[in-house]
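In case you want the letters, here they are:
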Amino acid sequence: MKTILLIEDEPSFQKAVCQFLEKEGFQTKSALNGQIGLALAKKFKPDLILLDLILPQKDGFEVLKEIKEDEATKDIPVIILTNLEGGADVEKALSLGATTYLVKANYELEEVVKKIKDLL
Amino acid sequence: MPHKKILEQLNFVKQCRKYHLSLWQCPSFLIVLIGLITISAMLGTWLIATKYNNQPEIVALIVIGVTTILTIISYFIIQGFEKLAEANQLKSEFVNIVSHQLRTPLTSIKWTINLMIKMEGLTEEQLEKLKTIKKSNQRMTDLVNDLLNVSRIEQGELGLRPEKVSLKEVIQDLIKDYLPLAKASNISLSLEIKNDIPLISIDSHGIKVVIQNLIDNAVRYIKNQGQVKIALKRKRNVIRCEVQDNGVGIPLKDHGKIFKKFFRSRNIMKYQTEGTGLGLFISKTVIEASGGKIDFKSQEGKGTTFWFEIPIKQ
Numbered sequence: 050m051k052t053i054l055l056i057e058d059e060p061s062f063q064k065a066v067c068q069f070l071e072k073e074g075f076q077t078k079s080a081l082n083g084q085i086g087l088a089l090a091k092k093f094k095p096d097l098i099l100l101d102l103i104l105p106q107k108d109g110f111e112v113l114k115e116i117k118e119d120e121a122t123k124d125i126p127v128i129i130l131t132n133l134e135g136g137a138d139v140e141k142a143l144s145l146g147a148t149t150y151l152v153k154a155n156y157e158l159e160e161v162v163k164k165i166k167d168l169l
Numbered sequence: 137m138p139h140k141k142i143l144e145q146l147n148f149v150k151q152c153r154k155y156h157l158s159l160w161q162c163p164s165f166l167i168v169l170i171g172l173i174t175i176s177a178m179l180g181t182w183l184i185a186t187k188y189n190n191q192p193e194i195v196a197l198i199v200i201g202v203t204t205i206l207t208i209i210s211y212f213i214i215q216g217f218e219k220l221a222e223a224n225q226l227k228s229e230f231v232n233i234v235s236h237q238l239r240t241p242l243t244s245i246k247w248t249i250n251l252m253i254k255m256e257g258l259t260e261e262q263l264e265k266l267k268t269i270k271k272s273n274q275r276m277t278d279l280v281n282d283l284l285n286v287s288r289i290e291q292g293e294l295g296l297r298p299e300k301v302s303l304k305e306v307i308q309d310l311i312k313d314y315l316p317l318a319k320a321s322n323i324s325l326s327l328e329i330k331n332d333i334p335l336i337s338i339d340s341h342g343i344k345v346v347i348q349n350l351i352d353n354a355v356r357y358i359k360n361q362g363q364v365k366i367a368l369k370r371k372r373n374v375i376r377c378e379v380q381d382n383g384v385g386i387p388l389k390d391h392g393k394i395f396k397k398f399f400r401s402r403n404i405m406k407y408q409t410e411g412t413g414l415g416l417f418i419s420k421t422v423i424e425a426s427g428g429k430i431d432f433k434s435q436e437g438k439g440t441t442f443w444f445e446i447p448i449k450q
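The listed protein sequences derive, respectively, from chains X and P. Residue numbers for the first sequence follow this note's numbering, beginning at 50 and rising by one. Residue numbers for the second sequence follow this note's numbering, beginning at 137 and rising by one.
FYI, nobody ran anything at the bench for these hints, they're computed from the structure. Computed from a predicted model, the values in this text were never measured in an experiment. Glycine included, each C-beta is placed from N, C-alpha and C at the ideal position. Incorrect hints may have been included.
If you want the ones that stay clear, here's a sample from chain P, every Cβ over 12 Å from chain X, calculated [as the list claims (entries may be wrong)]:
id	residue
1	Q151
2	P163
3	A185
4	L206
5	E260
6	L266
7	I269
With a straight-line Cα cutoff of 25 Å, these simulated PhoX-like cross-link-like pairs (lysine-lysine) come out [stated by the list, open to error]:
id	chain 1	residue 1	chain 2	residue 2
8	P	K254	X	K166
9	P	K433	P	K365
10	P	K227	P	K154
11	P	K371	P	K449
12	X	K64	P	K267
13	P	K312	X	K164
14	P	K267	X	K163
15	X	K166	P	K304
16	X	K166	P	K300
17	X	K72	P	K270
18	X	K72	P	K267
19	P	K369	P	K433
20	X	K64	P	K270
21	X	K163	X	K51
22	X	K64	P	K271
23	P	K371	P	K429
24	P	K270	X	K163
25	P	K265	X	K64
26	P	K254	X	K51
27	P	K271	P	K359
28	P	K344	X	K166
29	X	K164	P	K254
Selected chain P positions facing chain X (in silico; Cβ < 10 Å) [as the list claims (entries may be wrong)]:
id	residue
30	L238
31	P241
32	T243
33	I245
34	W247
35	E293
36	L296
Turn these sequences into a full structure, and let the hints steer you where they fit.
Structure below.
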């Protein structure tokens with residue numbers, strides 16, 4: 050069973066996404082902030098990481114940078130799942146090594162899961 | 137009338153009021169003031185220099201005095217620019233806050249409702265109510281998205297990312313989304329594909345917004361029953377998409393304003409109060425930023441055909 054790590058500070062989102070992913074046959078781990086997210090990424094080596102950009106303390110860009118700099122986690126594909134949407138943010142995230150950038154408001158959960166399945 | 141425009145440019149009071157700046161903070165006024173002071177100072181220096189040509193210290197003193205005044209005014213000019221830059225920065229931050237803070241709860245509601253709608257054992261009535269919430273939620277998300285798009289257009293950062301897109305698939309998906317609404321209003325929705333349509337390089341979300349706007353307008357502005365025909369064809373090195381309806385049409389006097397921001401035609405307000413008047417403005421910006429063209433032909437009472445063309449890049 051594939052494991053997906055969700056790093057997202059909004060509990061309602063976290064619940065909705067995890068429930069949906071579990072229904073679709075994935076195992077999920079979730080973190081409410083970047084620090085915990087990074088620790089979980091190292092510990093569980095998930096098959097994919099869903100990452101929000103606006104997070105308390107350490108923002109998503111920093112988390113992404115650390116994931117990609119760490120030997121243990123750098124090959125895990127990261128999908129940015131956020132509502133932050135500016136040309137510069139997208140460029141920055143992709144240049145830091147994110148695989149895809151999805152704006153939450155523009156996607157249904159089914160479409161997000163389809164993107165995940167395409168990647169795995 | 138170019139001279140009228142030049143005169144308008146010279147009306148500083150109006151210019152500065154536009155940015156809510158006082159005269160002393162307004163760069164365009166201060167720069168002209170510097171110009172005037174420099175010219176009169178030069179004339180004055182020349183006059184005095186001819187009179188006191190054996191006392192160069194007086195001339196030097198005047199030059200120093202004038203330069204000091206100019207420096208002070210320049211300082212104010214920089215302050216004025218800083219204020220404008222700050223206002224611009226605040227606007228960008230505001231857009232970011234709105235985009236994140238307002239869309240986050242809206243999306244979380246959307247996704248949660250979708251989960252609820254799929255739950256087993258819901259009664260007809262519960263399902264109906266959930267669908268109403270879902271619809272309102274979608275309307276609000278669309279509105280926030282429209283406002284954000286306009287704000288981004290104004291800041292010149294639409295952030296389009298071209299990728300290979302199948303227009304056929306985009307249209308087919310949208311038709312699927314609109315079928316229930318069309319069916320409920322007795323409108324038939326059809327897609328005709330003339331020839332082989334290659335993938336085009338365009339921002340996938342942007343083009344979806346454009347086609348959605350066109351289909352949405354077509355379906356909404358048919359009074360009773362009718363048909364919306366979408367046609368997709370290749371014309372030499374462009375792909376042309378047409379959305380034709382037999383709805384209320386656009387009055388001739390509104391033809392020039394249809395792509396303007398916040399514009400809504402009077403006759404459609406009679407039939408439909410929903411809408412922001414932003415859809416076509418955004419659509420035109422997206423199509424033109426992608427190197428394409430968009431236009432329409434319409435006759436009041438008979439119907440409207442909107443079309444756009446996107447170049448096929450090899």
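How the hints compare with the structure:
no.: 1; hint: Q151; verdict: holds, 30 Å
no.: 2; hint: P163; verdict: holds, 27 Å
no.: 3; hint: A185; verdict: holds, 55 Å
no.: 4; hint: L206; verdict: holds, 38 Å
no.: 5; hint: E260; verdict: holds, 23 Å
no.: 6; hint: L266; verdict: holds, 14 Å
no.: 7; hint: I269; verdict: holds, 14 Å
no.: 8; hint: P:K254 - X:K166; verdict: holds, 20 Å
no.: 9; hint: P:K433 - P:K365; verdict: holds, 14 Å
no.: 10; hint: P:K227 - P:K154; verdict: holds, 16 Å
no.: 11; hint: P:K371 - P:K449; verdict: holds, 13 Å
no.: 12; hint: X:K64 - P:K267; verdict: holds, 21 Å
no.: 13; hint: P:K312 - X:K164; verdict: holds, 20 Å
no.: 14; hint: P:K267 - X:K163; verdict: holds, 23 Å
no.: 15; hint: X:K166 - P:K304; verdict: holds, 23 Å
no.: 16; hint: X:K166 - P:K300; verdict: holds, 19 Å
no.: 17; hint: X:K72 - P:K270; verdict: holds, 21 Å
no.: 18; hint: X:K72 - P:K267; verdict: holds, 21 Å
no.: 19; hint: P:K369 - P:K433; verdict: holds, 18 Å
no.: 20; hint: X:K64 - P:K270; verdict: holds, 18 Å
no.: 21; hint: X:K163 - X:K51; verdict: holds, 14 Å
no.: 22; hint: X:K64 - P:K271; verdict: holds, 22 Å
no.: 23; hint: P:K371 - P:K429; verdict: holds, 13 Å
no.: 24; hint: P:K270 - X:K163; verdict: holds, 21 Å
no.: 25; hint: P:K265 - X:K64; verdict: holds, 22 Å
no.: 26; hint: P:K254 - X:K51; verdict: holds, 23 Å
no.: 27; hint: P:K271 - P:K359; verdict: holds, 21 Å
no.: 28; hint: P:K344 - X:K166; verdict: holds, 22 Å
no.: 29; hint: X:K164 - P:K254; verdict: holds, 20 Å
no.: 30; hint: L238; verdict: holds, 9 Å
no.: 31; hint: P241; verdict: holds, 8 Å
no.: 32; hint: T243; verdict: holds, 4 Å
no.: 33; hint: I245; verdict: holds, 8 Å
no.: 34; hint: W247; verdict: holds, 4 Å
no.: 35; hint: E293; verdict: holds, 5 Å
no.: 36; hint: L296; verdict: holds, 8 Å
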